[in-house]
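K.L.:
Chain by chain, the residues:
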Amino acid sequence: KNEVEQSPQNLTAQEGEFITINCSYSVGISALHWLQQHPGGGIVSLFMLSSGKKKHGRLIATINIQEKHSSLHITASHPRDSAVYICASVGENKIIFGKGTRLHILP
Amino acid sequence: KAGVTQTPRYLIKTRGQQVTLSCSPISGHRSVSWYQQTPGQGLQFLFEYFSETQRNKGNFPGRFSGRQFSNSRSEMNVSTLELGDSALYLCASSWGQLNTEAFFGQGTRLTVV
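Residue numbers (the working numbering), protein chains in the order written: chain A, 1032 to 1138; chain B, 752 to 864.
Because the hints were derived from the structure by calculation, they are not lab data. One thing to keep in mind: the hints can contain errors.
Computed far set for chain A versus chain B, every beta-carbon distance over 10 Å [as the list claims (entries may be wrong)]:
id	residue
1	Val1075
2	Gly1083
3	Gln1097
4	Asp1112
Computed Cβ-Cβ distance ranges for the label pairs, DEER-style [said to hold, decoys possible]:
id	chain 1	residue 1	chain 2	residue 2	range
5	B	Ser778	A	Asn1041	36 to 44 Å
6	B	Arg781	A	His1135	17 to 25 Å
7	B	Arg760	A	Pro1138	27 to 35 Å
8	A	Arg1133	B	Glu852	39 to 47 Å
9	A	Pro1070	B	Thr756	16 to 24 Å
What you are looking at is a predicted structure, and each value in this text was computed from that prediction instead of being measured. Cβ atoms here follow ideal geometry from the backbone N, Cα and C, with glycine treated the same way.
Let the sequences and hints guide you as you build the complete structure.
P.N.:
Here is the structure:
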C-alpha cells in the first residue's frame, strides 16, 4: 500500500525566505502532483512531475524517483503564497494525497 | 476558456437522504475525477470517468456512485447519507489519465445533519 508523507505539517516564515516542502512516497509511481489550496477550498495544480525538475516563476519542484522523494521550493516567499500545499502520487490507477503542509508567510 | 464548474456550491441534507452533485469539465477534456476532502482524512480519491466509463475507483462504499454523459459532464451520487459524508467534494478534469495535469473545480460543500 502506498503511503504519502509530507513535511513539515505547518510552516511559518518571514516574507522573502526560501521555503522547502517535502513529500515522500513508499511505492513506485507514474507521476506526482503538487497542488495549492487556498482558504475557501479552491485547488490549483502547480506541477505534475514524472522525473527531474520543473520551474514556474518562483516555484520549483523536483523529484527523485530512486529515493521516492519530491520537494517543492518557493523562492522569495510572499504573503500571497500562504496556503496549504498538497502532494499527490499517481500509481496503480489510483491517486493518493499527502495530508498537506500549511504555509504562513508573515509580511 | 471556462474552467471546471461544480454545482451546487453548498448543500445541506438530512441523514438518510440522497444527493447528486454535478461537474462540468473544461471543454475538450474527457476525464473527470472526483475527490472527497474532510478535516480528518484529507483528500481522498473517489473515482474517475473517461468517455462515459468508470476507469478507476478508490476505496469508498457502494453508496458513492457516479456517471459521465456524452458531453463529458459528470454527476456524483451519494445515497443513504451519513453524518460522516459531510465534506468538500471536488472534481477535476483533464485530457488524459490521472498522471496528466488536472484542473479543479471550486467544490461542493455538503453538510449532512
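K.L.:
If a hint holds in the structure, say so; if it does not, say that too.
P.N.:
Do the hints match the structure? See the list:
no. : hint                             : in the structure
1   : Val1075                          : violated, 7 Å
2   : Gly1083                          : holds, 15 Å
3   : Gln1097                          : holds, 19 Å
4   : Asp1112                          : holds, 18 Å
5   : B:Ser778 x A:Asn1041: 36 to 44 Å : holds, 38 Å
6   : B:Arg781 x A:His1135: 17 to 25 Å : violated, 38 Å
7   : B:Arg760 x A:Pro1138: 27 to 35 Å : holds, 31 Å
8   : A:Arg1133 x B:Glu852: 39 to 47 Å : violated, 24 Å
9   : A:Pro1070 x B:Thr756: 16 to 24 Å : holds, 20 Å
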